[in-house]
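Asker: So the sequences go chain by chain: A and B.
Position in the first sequence (first residue = 1) + 29 = the working numbering.
Position in the second sequence (first residue = 1) + 245 = the working numbering.
Calculated from the structure, these hints are not laboratory results.
Even glycine gets a Cβ: it sits at the ideal position worked out from N, Cα and C.
Heads up, some of the hints might be wrong.
Unchecked claim - No farther apart than 25 Å at their CA atoms in a straight line, the calculated lysine-lysine pairs in the BS3-like style are these:
| hint | chain 1 | residue 1 | chain 2 | residue 2 |
| --- | --- | --- | --- | --- |
| 1 | B | Lys264 | A | Lys162 |
| 2 | B | Lys442 | B | Lys537 |
| 3 | A | Lys98 | B | Lys324 |
| 4 | B | Lys442 | A | Lys122 |
| 5 | A | Lys74 | B | Lys537 |
| 6 | A | Lys148 | A | Lys162 |
| 7 | A | Lys81 | B | Lys537 |
| 8 | B | Lys264 | B | Lys324 |
Unchecked claim - So the derived list for chain B, only partly shown, Cβ under 10 Å to chain A, looks like this:
| hint | residue |
| --- | --- |
| 9 | Arg250 |
| 10 | Gln261 |
| 11 | Asp313 |
| 12 | Glu451 |
| 13 | Gly456 |
| 14 | Gly459 |
| 15 | Ala460 |
| 16 | Phe464 |
So the chains spell out like this:
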Amino acid sequence: MINMFHVYKNYDGISALTDITLKIDKGEFVFITGVSGAGKSTLLKLILYTEKPTQGQIIIGGKNMSRFKPREIPYFRRKIGFVFQDFKLLNNKTVFDNIALALRITGMDNRDINKRVLKVLSYLGLQHRANFKPLTLSGGEQQRVAIARALAKEPTILLADEPTGNLDPERAIDIINLFNDINARGTTVVVATHDKYLIDRFNKRAILLDKGMVAN
Amino acid sequence: MNYLRWLVYFVSEAFQNIKANIVTSIVTIATIAISLAICGLFLGIFINLSNMLISMGSQIQVIAYMRDDISVDAISNIKRDAAVMPEVESLEYISKEMAFSVFKEELKGQKGILEGLGATPFPASLEIKVKELFRTPQGIRGLISKLKITGGIEDVQYGQEWLNRFFAFIRFVEVFALIIGGFLILATIFIVSNTIKLAVYARREEIEILGLMGATGIFIKAPFLIEGIVEGFLGANLAIGLLYTVREVLILKTSMIFTSLVDLPVSTTYFMCGLIAGGIFLGILGSSISLKKSFSLLS
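Construct the entire structure; sequences and hints are all you get.
Answerer: What follows is the structure, given as structure tokens:
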């Protein structure tokens, strides 16, 4: 599903990733781990195509990303769900509208949007929060809304960058359990985290990054 | 169907954004209004000045004096030839007798001066009004040379010194208007685009999130552009209101000469439509420039 061949990423001459070659299979659950600054977020940004590699090839779902035309990028991103540590929710919109927006941009019919949003809210146990604004919810609930938004578009890949960074350990385990459940339904899940406890608790493949290089 | 659904969404988003960022929106509308009012005031004065110059230009007259020994037939020929010249708007033949009687009429009360003059000392003449297109130094010179070769014309007068000054003044007004108008338009675009940039910058996170979710450029930009149109429209209407107030105050409080220059054509349809179109254009341009800058900042 995700293949990287000798990928380098430099920022103003400073190396963030060096010679990354890795393969993540379809339907796999992978942790990307390492200390802060190891290059975890950069790796996810390359997969989401918000950054371009300085050198090397990235192939996702059989498509070489270096051959993307600018107009193809939005359509590519619609197949990828993302969850960030800071949730990235629109605080002036309700929970329902935040999730609906991810579908609205695809031109989906309003009736289908309603159905899909209610389904995903119910799956995450958030039905009673549909008309709330994000800032009135707890951190755990906000992260669930972000996950609901990512899931609503039924992505083939789910990327999560430190999704538990703002949560207490109990909520963090809930969130990873949720990812596990999503993965069991066939979605490829890539979670970047520096939380060793979570990696040890869940028996999944972990790719360790050290100073921008794969260390294991 | 998709397009209609999106249009409804974009318009509702634009109005929600205006409502949610009401202070920034008011600042943008006020900036557009003040900028347009200044441009409108300048444009109004320029239009009035142009109209004044056009009406002055219509008084440009060429007088062709005929030789004393000219026959009646030759006069008819000259009149006929001059009437079909492309430069000539209208012409009037003033016979020697008519010229004398006009002179006498002008000197009413000082008849002593005329004693001993005997027969009329004035030549017959053609008073020619020039078409607007030919009211230029070259146009008039062309007409004069044509008149001179018709034969029978002794002299042609057209107030050369006055005309030269008049045309120099028109050129000055045109160049001045071009420089000041261009400067005003650029300054207006700069101010409006920077004001809108603040609004766009305040929502850079929203733009970023939409981009990450896979929204196309037009999906992200459309609500901002519609917001720009709405704010431009409202700003233009406010500018019309401001100019109307300025006009009323100036008409009531100033002398007639000054008034004729600043009596803004606010109520004329073309002026109002021009300002509204200008406002909408400013809104769209301001949004586009700020969006372009913000997008390059985010990518």
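Asker: Run the structure past the numbered hints and jot down the numbers of the failing ones, going up.
Answerer: Violated hints (numbers, rising): 3, 8 and 11; every other hint is consistent with the structure.
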